[in-house]
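**Q** Given next are the chains, with one letter for each unit.
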Amino acid sequence: MSWLNKAASDTQITHRSRLWLYCLATVIMLLLVIPTFIVIPMSFSDSQYLEFPPKVWSLRWYEEYIGSAKWMRATATSLKIAVLTMLVATPLGTMAAYALFVSGHRAARAVFVLLITPMIVPVILIAIGTFYAFGKMGLNNSITGLVLAHTALATPLVMIVITAALRSYDLDQERVARSLGATRLQAFFVITLPQIKFSVITSALLAFLTSFDEVIVSIFVSGGKTATLTKHMFSALRDYIDPTIAAISTIMVLISTILLLVTQRIGSRKKPD
Amino acid sequence: MSLDHSSDSALPIKISGLTKKYGDMYALDAVDLDIKSGEFLTLLGPSGSGKTTLLMAIAGFNRPDAGSIRFADQEMILYPPHRREVGMVFQSYALFPHMTVAENIAFPLKLRKVSVEECALRVEEALQTVQLDGLGARNIDQLSGGQRQRVALARAFVFRPRILLMDEPLSALDKKLRERMQIELKQLHRQLGVTTVYVTHDQREALTMSDRIAVINHGKLVQVDTPEAIYNAPANAFVADFIGESTLLPLSLGGGDQLYFGDQSIATVQAAVSAQGGTENNQGWSLVVRPERLLVLDKNSSSSQPLINGFAFDGIVFGGTIRESVFQGESAFLIVALASGADSSGVDVAVRFSTGKAANIESLANGQQIELGLHREDVIVIPQEAD
Amino acid sequence: MAASAGSRLKHADALKRQNRLEQWTLLGLAAPALVVIVLVVLIPVGWLFYLSFLGGDGQFSLENYQKMLKYKSYARTFMTTFQVSILTTLICILIGYPLAYFLAQLPNRIAGLFMLTVLLPFWTSLLVRTYAWLVLLQRKGILNDFAIQIGLWDSPVKLVHNMTGTLIGMAHIMLPFLVLPLYNAMKKIDRDLMQAASNLGATPTRAFWQIYFPLSMPGMVAGSLIVFVLCLGFYVTPAVLGGGRVIMVATQITAILENQYDWGAASALGVVLLVATILVLILASRLFKLDSALFGKG
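Line by line, the protein sequences give chains F, S and G.
Just so you know, we're using numbering that gives the first Met the number 0 here: the first sequence kicks off at 0 and counts up by one.
Just so you know, we're using numbering that gives the first Met the number 0 here: the second sequence kicks off at 0 and counts up by one.
Just so you know, we're using numbering that gives the first Met the number 0 here: the third sequence kicks off at 0 and counts up by one.
Hint data in this document are derived by calculation from the structure and do not stem from the laboratory.
Where hints are given, some of them may not hold.
To be verified - Once the Cα atoms are required to be at most 20 Å apart in a straight line, the calculated PhoX-like pairs of lysine-lysine come out as:
(1) G:K15 with S:K20
(2) S:K13 with G:K139
(3) S:K219 with G:K9
(4) F:K54 with G:K139
(5) G:K139 with S:K20
(6) F:K196 with F:K69
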């Protein structure tokens, strides 16, 4: 094990004297990941109680989930809202991020801060606030209301991702395009957008997940026929542990993992070094 | 078909009263500038002088507060960049990395709905002009710095703009390549004949390439003239200092009309005033001494008459002590503390001379007394700065 | 000359108009997003603010705020909220710092791979993660089984529906928020500095504490701040893993609404939460000059 005695850092510390760090980091990383994946084997258990490892394997809870009109409707609602949120928040956030980045105006920074307030204001406040205000506007229990609220939560994320992309992008390219005869709009769509498209896709996926995973606003603003998956899951969790949730969780973990891997692939293709 | 479509497409630019303020600071302070048709004009100044602001205003990326920019008879100041028909090369090149070399160059042609065949033809032609034949299919990241520079250039002139603007296009290249590109750019300009405005902070580059140089500082044009005139007759201390090396020697007004350095009569006030275009000046005058214009006079001349290489020298003579001698290959220079009669503080001047065997550098040791000569024709007197 | 003065200001009005038009166009691009934020955040939160100052009779009153001083349950809630937030932040620092340090020492490619272990929880529904901890920590859960099997303790220990469970779950959920900015800050530390320190004879430990650690502080402060502020308003995890025993502000707000439908009291509590959050942010940015650390990353 000769590598153990090699220098591990700039201060010439050896790998041997660093072993504790490697062990600690491994344990922490396992602790981070295991709780996410532990639900997968459990979802295939036949038991009413959550046991690990399952004694009898079965697809019982998946059948339960797919067979339940309540769960199916909630899933459809959540997907619908998440897709709509993605479709609204991505262009809105991209437009705003671009405009504020390009404008050298004094007010641009203030507007930026205003637009990311949903990240600063505690979500519980947005939840009860929209619940109250939407009540007056007749938007509670409506898809429109939920999409609107989720868009507000997702837009700041889109803006931060796009602003970061624009920072590492050379705006002179857009200027050159304009000097060569392109209008501002043409320059954006033909030159800028193709180069930040991976960030746009990443931000769209984030917007989708933000909505799909959102709990608190959904608890208040959604209900009845528009109740989201997370709203049902939350009440199921708080009141009793329904093993169906293990099956649903597994599906959600898979969705997240796939989306994460997609963005990672995109990221590594963007920078081939 | 040749690229020489010069005479019909070059346009003169007439800038007047161009003003741009950032807060309390003037980036452009009522700038007036006439650029001749087909001319290569360089905007030269230190960073923050307003040279790039001026260029960007001509291109339409920087909106001034007031003023006028005319291309020939047409007022352009309210036109957006894409309607100005101006080719532009940026410092960063700003090539489109998601397009090939050919696609980059074809970009302005496609916007102008040029037919596919003609587009291909003109791209090929442009590639030839910048000596990149056959590289059209390359991706941008497969190109060297110099090649990128050429692609940016080709893209800027392929649509036959009436005006070409360049913002420090060579600053990212290493010294050797930069010097080669300077010559190539100059040749290209002659071939295209297009009015060219070039921004740089490198005075050598400006001297090498320009038909005329506009020296700019604090948002104001300080002097606009040919490289020779700017070098030989700088308008003030800023220009004298910024272009070429120089030392300023303060002059004192002696008897009558004479300006003195120590007890040496340098020039008459009347000559100084007329050299400055008749500008009156009551701040006093300075002598601009360029290192290569100073001559090392023969030592130990037994006669009272100063000699240079054995011949009589009837110019201005300064006495001094060598403080440092530096060998630099093709040339060498001395730093000489002048024994100025007037104030004892003493002024250091640099003397540059080419290193032939005859120069006999070994004999010029530190601490030695030396006599320096300056031909009367090389006397440059400028008004002192009011500070 | 008057004539020349006139020509000096040529096109000034037209240029000013053009400039204004451009700025308004750009603002127009941001307008849809602004409308959404105003509709969903500013108006509703403003409305709550208004409600918090209405008494039972519909007149202006401070009674909702006075209630907070009068009843001990409020004080307890605030205490719990701060306690949970501070403890969660501390746990995150203790666990997150070594992890970020470990990742920052690795070559980029490998670090990117290990970083997935931080990013995956980040991208996974917090409800799912909360659920997973509920399953892991319950009386007959995996952790208790495992601990009894290896003889750590004899009978099942109560790990969930209390403060312990809440803290474990919260720390797990918040950890990525600390590790990501901390990792970014560590990556920016100039490696030559550490090399120079060791060449000058500093022991690795000394070099770490005197150079590396102070330089990583901006990232740590930014990350801790994000964690702390998020904790203050957290709802889901304490509600599920606390099992009604860990009452934080957000939990109490919903309880007030569900049980008493008292909008004034709930709003007042919300306003205090918001003010506390903003105060923490302002204080921290004053203390640590956080602007760049918070908004300049990435």
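**Q** All hints, please: hold or fail.
**A** Outcome of the hint check:
| no. | hint | verdict |
| --- | --- | --- |
| 1 | G:K15 with S:K20 | 12 Å, holds |
| 2 | S:K13 with G:K139 | 87 Å, violated |
| 3 | S:K219 with G:K9 | 18 Å, holds |
| 4 | F:K54 with G:K139 | 15 Å, holds |
| 5 | G:K139 with S:K20 | 73 Å, violated |
| 6 | F:K196 with F:K69 | 37 Å, violated |
In summary, the structure is inconsistent with hints 2, 5, 6 from the numbered list given earlier, while agreeing with the others.
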